[in-house]
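Asker: Produce the complete structure using the sequences and hints provided.
For the record, the sequence lines run as chains A and B.
Position 81 of the first sequence, counted from 1, bears residue number 81 in UniProt numbering, the numbering being contiguous throughout.
Position 103 of the second sequence, counted from 1, bears residue number 103 in UniProt numbering, the numbering being contiguous throughout.
For the record, the hints were derived by calculation from the structure and aren't laboratory data.
Please read these numbers as outputs of a predicted model, since none were measured by experiment.
Some hints could be false.
[Claimed, not checked] 25 Å max Cα-Cα, derived DSS-like pairs, lysine-lysine:
id	chain 1	residue 1	chain 2	residue 2
1	B	K94	B	K8
2	A	K26	B	K76
3	B	K94	B	K142
4	A	K67	B	K53
5	A	K31	A	K2
6	B	K75	A	K67
7	B	K76	B	K145
8	A	K83	B	K8
9	A	K85	B	K117
10	B	K94	A	K85
11	A	K26	A	K85
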Amino acid sequence: MKFEALCQSGLGSSFMVQMNIQNLLKQENVKEDIQVDHSDIGSATPDQADYFFLDPTLETSAGNLPKDRLIILNSLVDPNELKEKVNAILDKEGIEHS
Amino acid sequence: MALDLLNKQTVQVVDGSNLSWQDAIRKASQPLIDNGTVGNDYVDSMIDVVEEKGPYINIGPNIALAHARPSSSCKKIGLALMKTNHVVNLTDDKHPVTLWFVLAATDSNSHLGVIQKLSEVLMNGENVQRLLRATTVEEILKVFK
Numbered sequence: 001m002k003f004e005a006l007c008q009s010g011l012g013s014s015f016m017v018q019m020n021i022q023n024l025l026k027q028e029n030v031k032e033d034i035q036v037d038h039s040d041i042g043s044a045t046p047d048q049a050d051y052f053f054l055d056p057t058l059e060t061s062a063g064n065l066p067k068d069r070l071i072i073l074n075s076l077v078d079p080n081e082l083k084e085k086v087n088a089i090l091d092k093e094g095i096e097h098s
Numbered sequence: 001m002a003l004d005l006l007n008k009q010t011v012q013v014v015d016g017s018n019l020s021w022q023d024a025i026r027k028a029s030q031p032l033i034d035n036g037t038v039g040n041d042y043v044d045s046m047i048d049v050v051e052e053k054g055p056y057i058n059i060g061p062n063i064a065l066a067h068a069r070p071s072s073s074c075k076k077i078g079l080a081l082m083k084t085n086h087v088v089n090l091t092d093d094k095h096p097v098t099l100w101f102v103l104a105a106t107d108s109n110s111h112l113g114v115i116q117k118l119s120e121v122l123m124n125g126e127n128v129q130r131l132l133r134a135t136t137v138e139e140i141l142k143v144f145k
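Answerer: Here it is as structure tokens:
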């Protein structure tokens with residue numbers, strides 16, 4: 001399983017999201033090996049990850065990525081929103097978490 | 001620690017009622033120009049990228065993190081913060097901002113420690129509320145201590 005955080009430049013906010021996801025997976029005691037990485041939206045390809053995290057302003061630039069694997073984060077610094085959306089994926093994929 | 005980059009010199013509180021979002025980014029960046037961290041080119045590119053790509057630097061409610069790709073006019077890692085007491089709309093009224101962070105990066109990796117620390121502070125809702133309520137530089141710096 002691989003998650004990719006995307007932002008316009010691949011420098012700032014995508015790394016912030018990557019770290020926040022990694023921290024959350026730890027908090028949720030996820031044992032499964034989930035890779036989390038970040039990059040810029042321009043270079044992202046559908047085979048790069050299983051799920052892509054991005055903010056609403058990027059949705060239109062994400063045309064080449066499958067819609068059902070895009071997770072839109074309205075705030076990049078809201079722990080509750082992130083938890084809700086990551087846990088929804090874990091549940092959907094049958095990955096154990098606390 | 002990495003957030004020492006935020007200090008009396010790099011943090012400002014201003015009224016903001018007469019600023020455009022471009023003015024706000026310029027004003028928030030001024031301390032980094034003054035201390036030789038970035039040149040005007042870098043500030044221009046932070047503004048250009050929003051004009052071209054939209055307000056993606058609006059990372060959370062009332063929070064913007066202005067940044068652009070590392071360039072030769074970016075001499076070292078830097079972080080600045082300007083609080084505007086009035087909301088300034090970033091491109092439109094769906095993106096009201098009062099906390100204007102400016103990040104200067106020299107390559108793809110060296111600033112990651114700064115982002116990490118900043119993210120830890122901003123992921124705590126109480127800290128964000130304290131920043132949004134702050135009216136002085138001292139109050140802001142206390143949140144990052």
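Asker: Return the numbers of the hints above that this structure violates; sort them in rising order.
Answerer: 1, 2, 3, 6, 8
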